[in-house]
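Just so you know, the protein sequences line up as chains A and B, in that order.
Just so we're aligned: 254 in the numbering used here is position 115 of the first sequence, and the numbers increase by one with no gaps anywhere.
Just so we're aligned: 458 in the numbering used here is position 35 of the second sequence, and the numbers increase by one with no gaps anywhere.
Worth double-checking, as some hints may not be accurate.
Claimed, not checked - With a straight-line Cα cutoff of 27 Å, these simulated BS3-like cross-link-like pairs (lysine-lysine) come out:
#1 360/A with 155/A
#2 749/B with 709/B
#3 155/A with 749/B
#4 791/B with 360/A
#5 539/B with 582/B
#6 539/B with 209/A
#7 649/B with 155/A
#8 585/B with 649/B
#9 819/B with 462/A
#10 360/A with 286/A
#11 724/B with 709/B
#12 621/B with 208/A
#13 821/B with 784/B
#14 155/A with 784/B
#15 821/B with 462/A
#16 155/A with 788/B
#17 582/B with 155/A
#18 859/B with 819/B
#19 821/B with 208/A
#20 209/A with 582/B
#21 209/A with 791/B
#22 621/B with 649/B
#23 709/B with 528/B
#24 286/A with 321/A
#25 788/B with 208/A
#26 555/B with 539/B
#27 453/B with 512/B
#28 528/B with 577/B
#29 208/A with 791/B
#30 859/B with 462/A
#31 788/B with 360/A
#32 582/B with 555/B
#33 791/B with 155/A
#34 453/B with 709/B
#35 155/A with 819/B
#36 859/B with 209/A
Claimed, not checked - Covered, in the sense of this in silico footprint (three residues per stretch, anywhere, with C-beta under 8 Å from a C-beta of chain B), are these stretches of chain A:
#37 274-286
#38 416-425
#39 458-471
These are computed hints drawn from the structure, not numbers from a lab.
All values reported here derive from a predicted model rather than from experimental measurement.
Glycine included, every Cβ here is placed at the ideal spot set by N, Cα and C.
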Amino acid sequence: MQGRVLHISSSPHLVKGISTSDIMRNVVYALIPTAAFAIYLFGLNAFFILATAVISCVLTEFLLCRITKKDSTIGDWSAVITGLLFGLTLPPTIPLWMVFIGGFLAIAIGKFAFGGLGYNVFNPALVGRALLQAAFPVAMTTWMPGKAIDRFTHISTSVLAAPFMSPIVDGTTAATPLSAFKFDGIIASGTDLALGLVSGSTGETSALIIILGGIYLTFRKMMNWRIPIAILTTVYALSGILYLANPEVYPSPIFMLFSGGLMLGAVFMATDMVASPLTPLGVVVYGILIGVLVVVIRIWGGLPEGVMYAILLANAVSPHIDKAFQPRVYGTIKNKKNG
Amino acid sequence: MFSNLFKSNTFRHGIHPPEHKEETAKLAIKQFPFATEIVLPIVQHIGTPSQIIVSEGQEVQRGQLLATANGYVSVPLHSPVSGTVKKIKPVHTISGKMVPGIHIKPFPSSGQQAIKGDYLDVETASTYEILKAIQNAGIVGLGGAAFPTHVKLKVPEGKECKVLMLNGIECEPFLTTDHRVMLEQAEDIFMGIRFLMKATGAKEVIIGIEGNKQDAADYLSSKIPKGLPVSVKVVPVKYPQGSEKMLITSILGVEVPSGGLPIDVGAVVVNVATAAEIGRLLPYGKGIQERVVTITGPGVKNKGNYLIPIGTPLRFVLDTVGIDGKLSDVFMGGPMMGVSVSNLDISIVKGTSGIVVFTEKQTKKEEKVLPCIKCGACVDACPIFLNPSKLGIMAKFKAYDEMAENQNLMDCFECGSCTYVCPSNIPLVQYFGLSKSIVRKRNAQRKAS
Numbered sequence: 140m141q142g143r144v145l146h147i148s149s150s151p152h153l154v155k156g157i158s159t160s161d162i163m164r165n166v167v168y169a170l171i172p173t174a175a176f177a178i179y180l181f182g183l184n185a186f187f188i189l190a191t192a193v194i195s196c197v198l199t200e201f202l203l204c205r206i207t208k209k210d211s212t213i214g215d216w217s218a219v220i221t222g223l224l225f226g227l228t229l230p231p232t233i234p235l236w237m238v239f240i241g242g243f244l245a246i247a248i249g250k251f252a253f254g255g256l257g258y259n260v261f262n263p264a265l266v267g268r269a270l271l272q273a274a275f276p277v278a279m280t281t282w283m284p285g286k287a288i289d290r291f292t293h294i295s296t297s298v299l300a301a302p303f304m305s306p307i308v309d310g311t312t313a314a315t316p317l318s319a320f321k322f323d324g325i326i327a328s329g330t331d332l333a334l335g336l337v338s339g340s341t342g343e344t345s346a347l348i349i350i351l352g353g354i355y356l357t358f359r360k361m362m363n364w365r366i367p368i369a370i371l372t373t374v375y376a377l378s379g380i381l382y383l384a385n386p387e388v389y390p391s392p393i394f395m396l397f398s399g400g401l402m403l404g405a406v407f408m409a410t411d412m413v414a415s416p417l418t419p420l421g422v423v424v425y426g427i428l429i430g431v432l433v434v435v436i437r438i439w440g441g442l443p444e445g446v447m448y449a450i451l452l453a454n455a456v457s458p459h460i461d462k463a464f465q466p467r468v469y470g471t472i473k474n475k476k477n478g
Numbered sequence: 424m425f426s427n428l429f430k431s432n433t434f435r436h437g438i439h440p441p442e443h444k445e446e447t448a449k450l451a452i453k454q455f456p457f458a459t460e461i462v463l464p465i466v467q468h469i470g471t472p473s474q475i476i477v478s479e480g481q482e483v484q485r486g487q488l489l490a491t492a493n494g495y496v497s498v499p500l501h502s503p504v505s506g507t508v509k510k511i512k513p514v515h516t517i518s519g520k521m522v523p524g525i526h527i528k529p530f531p532s533s534g535q536q537a538i539k540g541d542y543l544d545v546e547t548a549s550t551y552e553i554l555k556a557i558q559n560a561g562i563v564g565l566g567g568a569a570f571p572t573h574v575k576l577k578v579p580e581g582k583e584c585k586v587l588m589l590n591g592i593e594c595e596p597f598l599t600t601d602h603r604v605m606l607e608q609a610e611d612i613f614m615g616i617r618f619l620m621k622a623t624g625a626k627e628v629i630i631g632i633e634g635n636k637q638d639a640a641d642y643l644s645s646k647i648p649k650g651l652p653v654s655v656k657v658v659p660v661k662y663p664q665g666s667e668k669m670l671i672t673s674i675l676g677v678e679v680p681s682g683g684l685p686i687d688v689g690a691v692v693v694n695v696a697t698a699a700e701i702g703r704l705l706p707y708g709k710g711i712q713e714r715v716v717t718i719t720g721p722g723v724k725n726k727g728n729y730l731i732p733i734g735t736p737l738r739f740v741l742d743t744v745g746i747d748g749k750l751s752d753v754f755m756g757g758p759m760m761g762v763s764v765s766n767l768d769i770s771i772v773k774g775t776s777g778i779v780v781f782t783e784k785q786t787k788k789e790e791k792v793l794p795c796i797k798c799g800a801c802v803d804a805c806p807i808f809l810n811p812s813k814l815g816i817m818a819k820f821k822a823y824d825e826m827a828e829n830q831n832l833m834d835c836f837e838c839g840s841c842t843y844v845c846p847s848n849i850p851l852v853q854y855f856g857l858s859k860s861i862v863r864k865r866n867a868q869r870k871a872s
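With the hints as constraints, model all of the structure from the sequences given.
What follows is the structure in structure tokens.
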């Protein structure tokens, strides 16, 4: 045995073997059905928007790593998630050049400005979306109906608009169920909402498919299911109380749950690990906070939808939530008598 | 029946590493051959090193005292062989420190009969006599901690030991030492329990065993002597249940206060192998000379549970069992809390519960440490509810004092569950071990000045 070189490591000498990129890759898997449904519903428009968003994010990540002389981090799949999520929150008529700028901003400002993976305060995809919303309010709120007959052969002219030109929306536009409710008082059918056969951002419409992705990640233990459950329960309970108080004015809690970006936000956006709390009680408080903000913005705010701002606001305070709701450490309170 | 659904019989959090116990669990304890040289470092326990009383060239008999206890928190050292003291010179220990060591060359043709000391009768012995006898036998915690057992058993003034708990959990993957001891040394264990009950004043004894050793639990239950207030409790398999605090929570349903000891909740915990050793040695006034060690891991040809003389060189052990493939990692203890061996010229000591050998295939790859993505896996794993993610970040900023004051760093007992689950390969428990020693040093300096 002379001359053998022993390998030294600090304990534990066994590891579970699930890496950060494994988690990220599985989030991408969980998003595939939602992306596929977006393409089914909005055709080529959705395909090009999602592709542009992903390419823009990955390219930005790659270039910024180069420029800042960091090891390339595109292998960890996190930029792909940001790209996909960002693309899924965009209206299906948005010009691709805006998508590209948004993807760049999501990674550059949402992620790199804070120090890269693990240091972002906000969900980068939502940062990109919020910046676009501020810069291009019209393009960000122009919607088209789902399942257009020519969706697999025709790309909307607005999508292909030249950079920095005002997009012209051809064909029919449509109101999302939330704006139809907000501005016209129309309530969409529950089944259409759940199945996602309505107008909206490319990937936000089908609640059931999104939930499926969430169940997959929960099953793989790669998502904190307490966050979406806390958000959805809060939205349901709060809007339920309002609805019971005055069903004429307030929408039903089912409508609240299945409309707009709530499901996509609750399952895939609010659960961004870096930007959400990690203490057992903290995640619940965070979810409740998002739920309350969503209801408040949707019902009393000027905007039809509030999921994005609700999550961004909760992201901002999540370190404080963790601090305020630190778990009790073992052995630090008086023992209760064993029953 | 339904009340059982709500009554937890395990601690919260923890992890489930692969067990790897099936390879050796069924193999009966075998006597290991004597090495051509036995090397005994005088530091094999936590506390003051033993004091050597033999000299070079002296002939010693198996069981003869080689070094005496130096103070209260110290134990003596007995010769595991009959032979000649060849030399007394510094030897390597697992920590990397050099300490004085006694080198003994065994007589080749000796029958290796051990000498006996004073007979101690459990019925008539006093608490003091038993504690003294445990110290004289050189007994330390055989689970791996190697803390002098007589110190641990001494119930402080004003406290009461209501229950004596025997720790047969053995939650470390790969190790089956305690498992075999429970299956093969039941009589010694129960004799040990008699001594331990007298030493602590406990009126009740619970033997805690994990569900993967049901055979041992059934066997011990069937062997409980009439009139001895012993019960066996089986708990679900989970790491780190073998930690005293976790075991107490799993079985008694209470938490040991932060910074406190099991006696603060009326319990004293002793490892089953330690109890068996007490039961075997005390009646004959013998000192500890050998111990059961699981030699296992994918790199070992003849895996097994061996009764190995204390002081047997590791190199001799590995040569004897045979290595399969290219030797890469050797761990003393289990793979979760055990220590990487850097040098095969160290000895099996009293605290060595297992030797786990990996070849290149199993070696933990040196993965790049990535930023914490705050996935919370460590928070869900930590058995004492710390926030390892936050502590890890604080350690990077060298905020050691703050870690201790605001984040209960000192409660961490370094089980490594956080590091085991971390997807970003952050060596959290290594940070915490370092941070703890820095805090201890600073506190000592503050006290001094």
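Here is what the structure says about each hint:
1. Restraint check for residue 360/A and residue 155/A: satisfied, since their Cα atoms lie roughly 13 Å apart, inside the 27 Å limit.
2. For a cut-off of 27 Å, the pair hint linking residue 749/B to residue 709/B is broken: about 40 Å separates their Cα positions.
3. Restraint check for residue 155/A and residue 749/B: the C-alpha separation of about 24 Å stays at or below 27 Å, so the hint holds.
4. This hinted pair checks out: residue 791/B and residue 360/A have alpha carbons roughly 23 Å apart, not beyond 27 Å.
5. With a C-alpha separation of about 35 Å, the suggested pairing of residue 539/B with residue 582/B is violated against the 27 Å cut-off.
6. For the proposed pair residue 539/B and residue 209/A, the alpha carbon gap of about 68 Å is over 27 Å, so the pair is violated.
7. The suggested pairing of residue 649/B with residue 155/A is violated, with an alpha-carbon distance near 45 Å, which exceeds 27 Å.
8. About 20 Å separates the Cα atoms of residue 585/B and residue 649/B, which keeps this hinted pair within 27 Å; it holds.
9. Between residue 819/B and residue 462/A, the direct Cα distance comes to roughly 18 Å. Compliance with the 27 Å bound is thereby established for this hinted pair.
10. A distance of roughly 34 Å separates the Cα atoms of residue 360/A and residue 286/A; the hinted pair therefore is violated under the 27 Å criterion.
11. With a C-alpha separation of about 34 Å, the suggested pairing of residue 724/B with residue 709/B is violated against the 27 Å cut-off.
12. The suggested pairing of residue 621/B with residue 208/A is violated, with an alpha-carbon distance near 68 Å, which exceeds 27 Å.
13. Only pairs whose Cα atoms come within 27 Å are accepted, and residue 821/B paired with residue 784/B is rejected, the gap being roughly 35 Å.
14. Between the alpha carbons of residue 155/A and residue 784/B the distance comes to roughly 16 Å, so the proposed pair stays at or under 27 Å and holds.
15. For a cut-off of 27 Å, the pair hint linking residue 821/B to residue 462/A stands: about 19 Å separates their Cα positions.
16. Using a Cα cut-off of 27 Å, the hinted pair residue 155/A and residue 788/B holds, with the two alpha carbons roughly 12 Å apart.
17. Restraint check for residue 582/B and residue 155/A: the C-alpha separation of about 41 Å exceeds 27 Å, so the hint is violated.
18. Only pairs whose Cα atoms come within 27 Å are accepted, and residue 859/B paired with residue 819/B is accepted, the gap being roughly 14 Å.
19. A distance of roughly 26 Å separates the Cα atoms of residue 821/B and residue 208/A; the hinted pair therefore holds under the 27 Å criterion.
20. As the CA atoms of residue 209/A and residue 582/B are separated by approximately 58 Å, the hinted pair breaks the 27 Å bound.
21. Of the supplied pair hints, the one linking residue 209/A and residue 791/B holds, its CA atoms being roughly 13 Å apart against a limit of 27 Å.
22. Between the alpha carbons of residue 621/B and residue 649/B the distance comes to roughly 17 Å, so the proposed pair stays at or under 27 Å and holds.
23. With a C-alpha separation of about 21 Å, the suggested pairing of residue 709/B with residue 528/B holds against the 27 Å cut-off.
24. A distance of roughly 23 Å separates the Cα atoms of residue 286/A and residue 321/A; the hinted pair therefore holds under the 27 Å criterion.
25. With a C-alpha separation of about 25 Å, the suggested pairing of residue 788/B with residue 208/A holds against the 27 Å cut-off.
26. The suggested pairing of residue 555/B with residue 539/B holds, with an alpha-carbon distance near 16 Å, which does not exceed 27 Å.
27. With a C-alpha separation of about 31 Å, the suggested pairing of residue 453/B with residue 512/B is violated against the 27 Å cut-off.
28. Restraint check: the Cα-Cα separation between residue 528/B and residue 577/B comes to about 37 Å, which exceeds 27 Å; the hinted pair is violated.
29. Annotation: proposed proximity of residue 208/A to residue 791/B holds, straight-line Cα distance about 17 Å (limit 27 Å).
30. With a C-alpha separation of about 22 Å, the suggested pairing of residue 859/B with residue 462/A holds against the 27 Å cut-off.
31. At roughly 23 Å between alpha-carbon atoms, residue 788/B and residue 360/A fall within 27 Å of each other, so this suggested pair holds.
32. Straight-line distance between C-alpha atoms of residue 582/B and residue 555/B comes to about 20 Å, which keeps the hinted pair within the 27 Å bound.
33. Taking the CA atoms of residue 791/B and residue 155/A, the gap is about 15 Å. The hint holds against a cut of 27 Å.
34. Of the supplied pair hints, the one linking residue 453/B and residue 709/B holds, its CA atoms being roughly 21 Å apart against a limit of 27 Å.
35. Taken as a hint, the residue 155/A and residue 819/B pair is honoured in the structure, with Cα atoms around 23 Å apart against an allowance of 27 Å.
36. Of the supplied pair hints, the one linking residue 859/B and residue 209/A is violated, its CA atoms being roughly 32 Å apart against a limit of 27 Å.
37. Given as covered by chain B, the stretch 274-286 of chain A fails the check, having 0 residues with a CB less than 8 Å from a CB of that chain where 3 are the minimum.
38. Counting residues of the stretch 416-425 of chain A whose beta carbon lies closer than 8 Å to any beta carbon of chain B gives 4, which meets the minimum of three for the stated coverage.
39. Given as covered by chain B, the stretch 458-471 of chain A passes the check, having 8 residues with a CB less than 8 Å from a CB of that chain where 3 are the minimum.
Of the hints listed earlier, those the structure fails to meet are numbers 2, 5, 6, 7, 10, 11, 12, 13, 17, 20, 27, 28, 36 and 37, in rising order.
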